[in-house]
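Model the full assembly from the supplied sequences, consistent with the hints where possible.
Chains as they are written, first to last, in our numbering: chain A, 130 to 401; chain B, 2 to 407; chain C, 85 to 385.
Any given hint could turn out to be false.
What the hints assert, rightly or not - Here are some chain A residues pointing at chain C (derived, C-beta under 10 angstroms):
no.	residue
1	L197
2	R227
3	I372
Think of the hints as simulated: they come from the structure by calculation, not from any bench.
Values in this document were obtained by computation on a predicted structure and should not be read as measured data.
Note that beta-carbon positions come from the ideal geometry of N, C-alpha and C, so glycine has one too.
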Amino acid sequence: MTTLHRGAAARPAVDRSLATFGWLVFAFLYLPIVLVVAFSFSRSESVGRWGGFSLRWYEQMLGNDQLLNALWNSVVVALISTLVATVLGTAAALSLDRYRRWVGRGAFDGLLYLPIIIPDVTMAVMLLLWFTQTGVVALGRGSITLAHIAFNISFVAIVVRARLAHMDPAMEDAAADLYANRWQRFRRVTLPLIMPGVLGGALLALTLSLDDVVITSFVQGPGSTTLPVYVFGLIRRTVTPVINAVSTVMIVVSMVLVLTSLVFQRRSEKSK
Amino acid sequence: MKRLFVLLAVLALVAAACGSDADDTTTTAAAGGDTTQPTEAPVEGIQAAANACAEGATDGPLNLYNWTDYIPTGALAEDFEVDDLVAKFEEEHGENVTLTFFNSNEDMLAQIDAGASYDVVVPSDYMVVTMIDADLLVELNRDAVPNLDANIAPLFQDPAYDAGNRFSAPYQWGTTGIGYLYGSIDDSEGVSWAVLFDPEMATPNAGYISLLNDTRETLGSALKYLGYSLNTTNPDEVDEAAQLIADAREHIAAFNSSSYWTLLSSGEFNLSQGWNGDFLAEYDRISEYDDDGNLTYDAYEDFGYAIPVEGSAAWVDTMAIPTTAEHPCTAHTFINFMLDAENGGTLTNFNYYASPNEAAEEYIYEEILEWDAIYPPPETMAILEFFEDLGDFNNYYADAFTAAKG
Amino acid sequence: MTLLDEREKAQTEAVNPRLERKARRRESWRGFFHAAPAFVYLTFFFTLPLLVVFVFSFASRSNTGKPQLEGWNLDSWTRIADPLVRTIAVRSLTMAIANTVLCLLIAYPFAYWIATRARQSTRTLLLIAVLVPFWSNFLVRTYAWRMLLDSDGYITQLGELTGLWGRMLFTAPAVFIGLVYGYLPFMVLPLYAALERMDWSLVEAGRDLYASGAKAFQKITLPLSKPGIIAGSILVFIPSLGAYVTPDILGGAKTNLLGNLIVTQFQAARNWPFGSALSGAIMIIMLVATLVYFRTGGRTV
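Put into C-alpha cells, the structure is as follows:
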C-alpha cells in the first residue's frame, strides 16, 4: 500500500503536471508569508517599501510591553485551552465511537456540531452576557480560556472520531489479551493508536485559539488583550512592520513546537 | 509523546500559578433600563462612592478602556517624542494603569452594557447621550475634577450631548472632511462633497475614492451635501441621503474607517472621507527627514485635507466613568490628570487632534495651533455641526445605512 | 469497549439473559461517563448561553441595543423575510458555494499529489507545510494580500506585465483569492485523509478493466474519495457562509454579507434581538441540513 505511484503506472506527463501544480499551490500559500517575513527585516516604516536590512522592528517588539503582554496572554490561553479541549474532545469522541447505545447519545452527537456552525459574533455576545451576568468568572484571561475551550472541544472530537472510525479493531483485540486492566489497555494500546488523531485535533485547537479575534475581543477584560485583538487595533492606527516581526516570531515558534512534537512521536514509536 | 503532554501540563500549571490579572470580585450593576436584569450592586452605590472622592485621592489601580493608540505610551510615545502619559500618571499617583483597547463606540457600549468593569472609558459625544439615558455613567464629582471647570474652553463647557459636562469630560475634538491627493480634484474654490457623491464629478477618480464605514458619519456627509442637518429626524431626508450612498457604490473603491489614511498615502485612493487627525498624523509619518532632522520629503506638498463648503461634522471624544467602575476615586483623579494643561498639550502633540482644553494651548506646538486643519478658523467653525443623539430615531439611520450598502 | 469485552459479552449473553441486561447497562453507563465531562462543560458554556440569546430574539429592541425583557414579539423573526435580508442571504450563499467549489478544484489535485506521489516520510512534512502559514496572524495575512493586490502590488505588476489583469483589489476576484487562501487547508486535509486511506488495489484493478487512467479515476477514485469531498466541503462551506472580514478588507466593504449583517446588529445598528434571530435562523438551517444528510445515510468518515 505504500508504493510510490499508487494505483497507477508511472506516467511522467501526469506526474510532472501534478508536481507542477502542487508546487504552484505551495507558492500561492507562501507568497504572503514570504512577504510578511521579508518586510519584518526592512528598515523602512512603510510596509511595502524595502529600506535596507534592519532588526529595528524586533527591537521595538521586545520593548513594547503591551505587545509582549498580549503575546503572553495568547500563548497561555492557547496552551491551556488546547490541553483541556483535547482531553474533553477525545473522551467525547470515544464515547460516540465506542459506545453505541447510551442515554442521550443522539442529542450529544448533535450538540457537538453546534459550536462549529454557530456564527462567531453570536457566540461572542452570548458568552459575554453569560460571564458578566452570572459572574462565574471575571472577564480576563480566564473567561477567554473558557470561551476557547467551548469552541475547541467539537473540533477535536471530529478529528479524533475520524481517526477512530478507521482503526483496525483486530490490533486492539490482540494487544488486549496482554493486559488485564482496562486502563492499561487504554494507555498502552488505544491511546498510541489514536494519537495521530489526538495530535491532529490538538494542533487544530491550538491554531484556532491563537487566531481568534471576534470571540476574544468580546470576552476579554482589563489587561487580558490577546495578540490578534491587539494587532487588529494596531492595524487601525500605525501600520508598521512591527506586526510583521510579531507574525514571523509566531510562525517560527509554532513550527518549532510542531517539529518537536513530531520528533517526540517518532522517537516513542521507535521505542515500541 | 508522554513527555509533550507533561510539558504542556507543567506549562499550564505554571501559567495558572502566575495568577490571572482579573479581579475576583463579581461585576457590578448593568443597564438600569431593564427592570428584570439582576443587579448585584445598585447604581446608587457607585454614585455615593464617587461623591465621596477627594481631589487627588485614589482607591486602587486604574482600568482604562480607550481607543487604540489614543493616549501616548510606550514605544509610540517615544517615536513622537512626547511624554508617556500612562507612566507619568503611575508615577505621580502611585497606582497601576491597565490599558484595554476598543475599536468602536458600539464595541465599548456592548461591553459596559453587559457589565464589564472599567474605571474610565472614552466614548464619543453621541455615545455619551446613549449611555446617560441607559444609566451607564456616573455623575462626576466636581470637587475631584477641578480642572474640568478651570481649563476647558467655553465652547465645550455646556455641550449639547451632556449639559454642563455632568457625566463626561472632553478629551479631544476633531472634524470630518476629505483627505486628498493634490491635483486629483479642483480645490481652487474650496472642496465640495460632490467629488464623492456626484457621479459626474466623481468620475475622474472613480475606483480611487473611499467613504467612511460609519452610519452617522457617512449619512451625515450625504445629508450635508444635500443641504440638510446631519441630526435631522426627517425620514425622507435620511432616505435621500441613503440613496445617494447606494448610488455612490458605483464609483467608490471601498467603505473604510480603519485604514483609509494609509491607502490614501500609498496611492490606492485619491480621495478619502475621514478624520483630520488621522490624515495629518499619516502625512507627518510619511514625510522623510535626513539624519540631521531636516525635511527631505514633505508629504504636505502632495496631500491635503479640506472641510467641504457645504459643511461637515465636528465631534468630541470624552472621558467618562461607567457605573461598572470599581475604583471611582482613581478614575476621577485620572480625568483631572488628563485635563491638566501640560498633559492636555502632550495629548494633542501626540495624536494631532485639537484639544478642548484652553489652558493646554500654552503647551501645544505652534504649528499645530496655527493649523487650519486642526484648529479651524471661525468661518469654518460656523459650518460645522456636532452630532446629537437621536433617541429612537437612531435605529432609522442604522437601518437606512444597512439598506444603502445593500 | 474492546472486542474482547464484546466477545465475552456475546458468549455470556448466549447463556444468561440477566447478564446480558447487566452488560448493556454497563455499556450505557460507560458511554455516558466518557461523554459527561464534555457534556457538562458545553451545557454551562454553550447551551445555556445560547438559550439566553434565543430568548433575546423574542425581546424588544432598546436604545442601547441590549434587549428589554418585556414586550415579547416575533418582530425579529418576521424581519428575516425582508427582501434586504433575502438579498444578503443569497449573496452569502453564492459566495460560500463558489468558494467551496474553487477550494475543491484546487485542493483535490493537490491532495492527490501528496497522497499518491510523495514519499511516505515526506507526506507528513508536506501537510505541516500546508498548515504553517496559518500560524501567523489572520489579519496580517489578509493585509499582506491587500498589499499584493493593490496598485503597486507584485501580483498587479505581474498582471500588467503579461497584460492579463490590472488592480484586483476591491473587486470580487480579490475576495475569492482571499477566501480560497483562508480555507484551502480545511479542504486539503480531509481530502488527503480520504485518499490516503483508500484501497488502491481497487484502482489498479479498475485500470485493468477500463484500460484508461482517466476512466479509472472517474469510476473508482472519485467515488471512493467522496467522504473526503463531503467533509472538506462542509468544513469550508459553513464558515464561508458567515465570513465577512476577508470580503471587507479585500473587497472594500461595499456590500453586506450575513456576517456583516449579524455583527452590525450587535454593534452599530444596536438591534440585538434581530441579531439573535438571524444567528438562530442560520444555526437552525445548518443543523437541519446536517441532520438530514446524516439521516439519509451520508457519512463523512
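Hint compliance check: list the failing hint numbers for this structure, sorted ascending.
1
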